[in-house]
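All chains should be modelled from the sequences, with the hints used to inform the complete structure.
Here are the chains, one letter per residue:
There are 2 protein chains.
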Amino acid sequence: MMKPFLEAIQEKVLILDGAMGTMLQERGLRPGQSPEELNLTMPEVVASVHRDYVEAGADIIITNTFGGSRFKLAHYGLEGRLAEINARAVQIARKEAGGRAYVGGSIGPTGQFVEPLGEIPFDEMKAAFREQAAALIDAGADLLSLETFLDIKECRAALIAIREVSGTIPVIAMLTFDDNGRSVLGTPPESAAITLTAAGADIIGSNCGLGVDGIYDILCRMRTVTHLPLISQANAGLPRLIDGATVFPGTPQEMAAYHERMIGMGVRVIGGCCGTTPAHISVMKAALGTVQQPWQPRSESTGVTFLSSRSGWTAAGGGNKTAIIGERINPTGKKIYSQELQDGKVAYIRREAMEQVAAGATLLDVNVGTPGIDEPAAMERAVFCAAAAAGVPLVLDSSSPAALERGLKAADGKVLINSVSGEAKSLRRVLPLAKKYGAAVIGLALDQKGIPDTAEGRLAIARRIRNAARRHGIPDADIIIDCLTLTVSAEQKRAAETLRAIRLVKQKLGLSTVLGVSNISFGLPQRPLISSAFFAMAMEAGLDAAIINPRDGAMMAAWRSAMVLLNRDHQAAVYIEAYRGEQAAATVQAVAASDAPLSIRERL
Amino acid sequence: MMKPFLEAIQEKVLILDGAMGTMLQERGLRPGQSPEELNLTMPEVVASVHRDYVEAGADIIITNTFGGSRFKLAHYGLEGRLAEINARAVQIARKEAGGRAYVGGSIGPTGQFVEPLGEIPFDEMKAAFREQAAALIDAGADLLSLETFLDIKECRAALIAIREVSGTIPVIAMLTFDDNGRSVLGTPPESAAITLTAAGADIIGSNCGLGVDGIYDILCRMRTVTHLPLISQANAGLPRLIDGATVFPGTPQEMAAYHERMIGMGVRVIGGCCGTTPAHISVMKAALGTVQQPWQPRSESTGVTFLSSRSGWTAAGGGNKTAIIGERINPTGKKIYSQELQDGKVAYIRREAMEQVAAGATLLDVNVGTPGIDEPAAMERAVFCAAAAAGVPLVLDSSSPAALERGLKAADGKVLINSVSGEAKSLRRVLPLAKKYGAAVIGLALDQKGIPDTAEGRLAIARRIRNAARRHGIPDADIIIDCLTLTVSAEQKRAAETLRAIRLVKQKLGLSTVLGVSNISFGLPQRPLISSAFFAMAMEAGLDAAIINPRDGAMMAAWRSAMVLLNRDHQAAVYIEAYRGEQAAATVQAVAASDAPLSIRERL
Ligand SMILES: [Zn+2]
Ligand SMILES: [Zn+2]
Ligand SMILES: [Zn+2]
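Chains as they are written, first to last, in the working numbering: chain R, 2 to 605; chain S, 2 to 605.
Honestly, the hints are just simulated from the structure, not real lab data. Remember, predicted model here, so these are calculated numbers, not experimental data. Some hints could be false.
Same chains, same names: a pair is fine if it fits in one copy or spans any two.
Once the Cα atoms are required to be at most 25 Å apart in a straight line, the calculated SDA-like pairs of lysine to any residue come out as [what the hints assert, rightly or not]:
1) Lys509 x Thr455
2) Lys96 x Met43
3) Lys426 x Asp454
4) Lys346 x Glu406
5) Lys494 x Arg504
6) Lys322 x Thr225
7) Lys322 x Pro526
8) Lys336 x Ser312
9) Lys436 x Met266
10) Lys322 x Arg504
11) Lys336 x Ala359
12) Lys13 x Lys322
13) Lys336 x Asp218
Shown next as structure tokens:
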């Protein structure tokens with residue numbers, strides 16, 4: 002009996018096999034033929050490739066099922082034999098593995114795109130991956146490997162599908178990146194890593210497209226946003242024939258040094274992609290023997306909430322700049338937007354998405370709650386539109402679980418759900434959605450009894466939300482507590498209580514915090530004065546994200562100033578960029594500030 | 002042996018005798034004659050008045066020396082016999098007291114005014130009181146009683162004089178107030194109480210001018226700002242002849258109720274002023290027997306720093322509004338003011354004093370430090386001018402002990418010294434001045450080694466300053482720690498450290514805190530943005546006083562907003578008053594804030 006795969010990679014770094022496709026071409030695969038069909042027609046050829054890799058020392062061999070999805074097999078009229086093809090592939094590999102190697106079920110891209118980029122609805126794409134994953138798992142694969150994905154949305158759908166089939170099967174998920182450090186569809190490694198981690202991958206990384214140095218850079222960037230073990234599957238350097246012998250680039254010492262770098266940052270599976278042969282694997286295996294290191298577990302509880310879109314990402318908490326959640330895509334009190342929602346139009350959303358991001362929003366709240374509309378459909382339209390118009394991650398703001406789920410399907414990355422409360426019914430409805438779709442969630446510090454008067458009362462609800470989230474398998478870092486801004490003119494004593502709640506929640510629970518800030522000043526004249534002062538105080542108290550109007554100059558001035566003061570805008574670079582040259586800005590009534598400051602020493 | 006006077010009043014409320022002057026007139030004092038001369042010429046008459054009061058039950062009898070100062074005696078050519086007159090008065094009273102009553106040496110106003118109101122220099126006025134106090138103390142008075150003062154500055158000078166003669170003689174200090182609740186020279190009871198408490202009185206209160214209800218109101222107002230035991234010496238209601246018997250207004254029950262009210266607020270000496278006779282005293286004594294209460298000690302450590310001027314007062318700390326110290330009267334970088342200081346002119350000071358107070362300053366910093374001038378003389382001129390132009394208490398800002406002392410003499414009330422540091426030399430020079438002249442003092446959290454990097458380092462210096470102050474007899478409430486604002490563009494990590502220092506100093510030492518705020522933004526564009534955000538954060542951290550330019554609209558907006566948010570501007574009254582009707586104010590770039598706030602419930 003081999004030990005479970007995820008335990009094995011904690012003890013030692015495993016070697017993954019090399020290329021399958023080029024090996025099959027050498028051994029009889031004809032142009033235009035389905036490589037996966039060989040599982041049925043030429044099983045011995047497939048087996049021989051596996052055998053060579055196992056003999057070369059591979060710890061993991063990958064099934065010949067890269068194109069084993071319904072969409073791919075349909076090109077060859079083989080979709081009716083999907084289960085058979087995938088099951089046979091596992092059986093062939095299992096026999097060659099012979100108790101010496103793990104069998105990884107390969108799943109590649111479908112060649113189709115999910116809506117709105119393509120025409121495949123999310124649910125249909127997910128069903129395709131479910132079908133292939135179920136076949137591989139049922140046949141006894143030790144793990145699944147999502148390889149060479151170009152579209153993060155498709156890879157995310159595949160992960161969500163696999164997790165519907167099995168909560169426990171180990172899953173590797175890999176995107177392919179270009180020389181420019183993004184996938185061909187514009188996703189940077191951080192964004193990919195955030196999305197894949199949230200959607201339930203166990204190991205993430207990159208395969209194909211880049212050589213060793215390129216992959217190393219990609220993984221370094223992934224490492225900044227994920228606690229997961231990593232996988233490196235670089236294209237091999239080309240072997241050269243020197244004095245009649247096949248020689249691979251790099252000395253064994255260079256190979257060992259490369260492994261050391263990779264392992265040092267938490268890579269636990271190393272393999273090769275295009276161009277890698279059993280001979281490569283053999284050399285890698287030998288080199289790796291000299292540098293084995295136990296896995297240094299990385300805590301999830303970094304206190305940082307990562308969110309992602311297709312092309313961007315935002316980190317809130319843990320000393321990052323306070324995230325700005327643009328609040329303008331919300332029909333409350335906005336007639337134009339309300340009417341557009343009724344009419345199924347998106348011009349307001351597109352404009353506000355672009356303008357809020359231009360003004361400094363790092364996240365966009367999307368709320369479509371207006372009477373008499375199909376809210377789930379409106380949410381899907383809004384998410385498609387906002388994602389296309391702006392590169393920042395989204396915050397799905399709805400009291401309807403159906404609308405939230407539609408938005409979660411429509412999203413490209415890891416979104417933030419706004420919100421769950423401490424009420425049992427809310428927790429029961431919302432937390433499973435967050436877990437299933439890999440989202441973070443805002444927890445409102447209130448329950449059926451309302452908003453507690455004291456910070457301690459709000460802390461108690463926050464703890465209850467955190468505990469419920471843990472039971473659903475949602476990490477602490479994906480809970481952001483809304484400590485609740487009450488209107489100061491109505492509840493004057495409770496403004497300070499909200500600030501105290503921020504401190505308590507961070508101190509006692511280590512959770513990130515968020516506030517809808519401007520509610521504080523409702524009913525008072527010159528509202529931005531009160532709101533911006535409260536915002537500055539809240540940031541000093543540790544506020545990690547703020548739901549505001551980023552086109553409110555006073556609010557953004559408070560934000561930029563606070564980021565300087567709290568040492569999160571290093572060298573005041575962002576601040577100076579924003580205000581340099583503003584000589585007679587209307588932003589403040591700048592009373593002549595010509596006086597030099599008093600030196601402390603002079604005052605002694 | 003009677004127990005020491007200050008111990009006695011802790012155990013029971015003492016009865017003070019009644020009027021002396023009217024009694025002497027009845028018994029032979031001629032119009033135009035010096036009442037004090039009777040101590041030499043008709044000692045038996047003086048003795049008979051004392052005897053009647055002692056027999057009526059008075060616990061304290063007051064010597065016939067109300068006009069026994071050099072200035073008063075000079076009217077009668079008796080200034081050469083000052084020592085003799087005062088000494089004899091004590092001897093006469095002592096004999097009649099006979100171990101049953103304390104002898105209080107009376108000291109009244111001189112009939113002259115201290116500069117700049119009158120022509121008597123502070124030192125000359127002080128010398129006059131020294132002379133009389135020394136005579137009374139040398140003759141064996143148990144305590145001194147400053148009575149019927151109209152000018153707080155004169156009464157303050159008398160207290161400072163007495164404390165030069167004796168640090169331990171118990172001193173009662175009383176001002177006389179009008180029906181309008183102020184002294185004839187415009188001093189409210191709070192201001193008087195703050196000044197007298199700081200200048201070294203043991204018991205304060207009011208005598209003459211008002212009946213029982215009026216005095217009660219005065220003492221209530223004094224009680225809000227002092228921890229000292231109080232004295233009530235009201236004019237007696239006129240006795241009426243009913244059925245041949247002398248009857249005093251009010252039943253014994255009413256008299257007892259009156260005593261209960263007085264004692265309930267900490268009055269420990271009750272007597273009568275004009276119109277009070279031994280018969281009154283006898284009735285009061287009887288009524289008092291039914292309501293005796295032990296003294297409830299009041300702590301000095303209220304955490305509130307009280308400061309006063311002739312006509313106003315300011316409380317900083319302990320949940321009061323953050324005090325605004327106007328910073329503009331400072332020649333650093335101001336050519337016009339520098340030149341005026343060279344020329345001995347005060348137009349700039351007068352204008353800035355008025356304008357800063359109009360803009361919201363509750364204290365005024367006065368700094369005259371410019372090269373090549375007589376700084377003590379300039380400080381005196383500046384204090385005279387600023388006190389006349391503005392009703393708020395002053396902050397004397399100088400590194401020269403001589404200039405500070407000149408300013409302390411020139412002041413009408415309890416000022417704030419800016420500043421002492423943790424350096425031994427600074428503590429040695431500045432703290433005795435604060436103690437002697439009854440001033441509070443700003444303690445800079447730095448020493449010869451500079452400004453500590455950490456909040457803990459600044460706390461340690463604050464503690465050292467506090468301990469040194471205690472050794473000088475300065476209460477904790479009169480130390481305000483400057484946690485030191487460093488320029489954020491130069492020392493970015495230390496901005497948060499300053500805020501942490503504020504919290505630490507308040508939490509660990511219970512001291513009030515102050516900052517010169519605007520130094521934070523030196524070198525950055527749009528300085529008011531950074532300064533006002535930092536100011537809001539500092540107020541939330543507990544800042545009790547801020548040295549700022551009150552004509553900086555952004556700073557005052559942060560202040561007004563913070564006072565609302567921290568529940569110190571109840572019902573936002575000050576805020577609304579300031580901004581009501583400002584529709585298109587230039588104060589902020591008010592982006593359309595027309596959206597109604599999201600109800601929390603709606604978001605569920
Ligand atoms: Zn490849
Ligand atoms: Zn490949
Ligand atoms: Zn009187």
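For each hint, the structure was consulted:
With identical chains, the CA atoms of Lys509 and Thr455 are at most 25 Å apart both within one copy (15 Å) and between copies (24 Å). Only within a single protomer do Lys96 and Met43 lie at most 25 Å apart by alpha-carbon distance; the minimum there is 15 Å, versus 133 Å between protomers. With identical chains, the CA atoms of Lys426 and Asp454 are at most 25 Å apart within one copy only, with a shortest distance of 22 Å there and 50 Å across copies. Taking the closest pair of Cα atoms, Lys346 and Glu406 come within 25 Å of each other only inside a single copy of the chain (21 Å); across copies the shortest separation is 76 Å, beyond that limit.
In the homo-oligomer, the alpha carbons of Lys494 and Arg504 lie at most 25 Å apart both inside one protomer (17 Å) and across protomers (20 Å), since each shortest distance falls under that limit. Proximity of Lys322 to Thr225 under the C-alpha cut-off of 25 Å is restricted to the intra-copy arrangement: shortest distance 16 Å within a copy versus 45 Å between copies. Within a single copy, Lys322 and Pro526 get their C-alpha atoms only as close as 29 Å, which misses the 25 Å cut-off; across copies the closest is 20 Å, which meets it. Taking the shortest Cα distances, Lys336 and Ser312 never come within 25 Å of each other, neither inside one copy (31 Å) nor across copies (56 Å).
With identical chains, the CA atoms of Lys436 and Met266 are never at most 25 Å apart, being 27 Å at best within one copy and 64 Å at best between copies. Taking CA atoms no more than 25 Å apart as the test, Lys322 paired with Arg504 passes in both settings, with 17 Å inside one copy and 23 Å between copies. In the homo-oligomer, the alpha carbons of Lys336 and Ala359 lie at most 25 Å apart inside one protomer (23 Å), although the nearest pairing across protomers, at 44 Å, exceeds that limit. In the homo-oligomer, the alpha carbons of Lys13 and Lys322 never lie at most 25 Å apart, since the shortest distance is 37 Å inside one protomer and 63 Å across protomers.
Proximity of Lys336 to Asp218 under the C-alpha cut-off of 25 Å is found in neither arrangement, the shortest distances being 48 Å within a copy and 58 Å between copies.
Checked against the numbered hints given earlier, the structure breaks hints 8, 9, 12 and 13 and satisfies all the rest.
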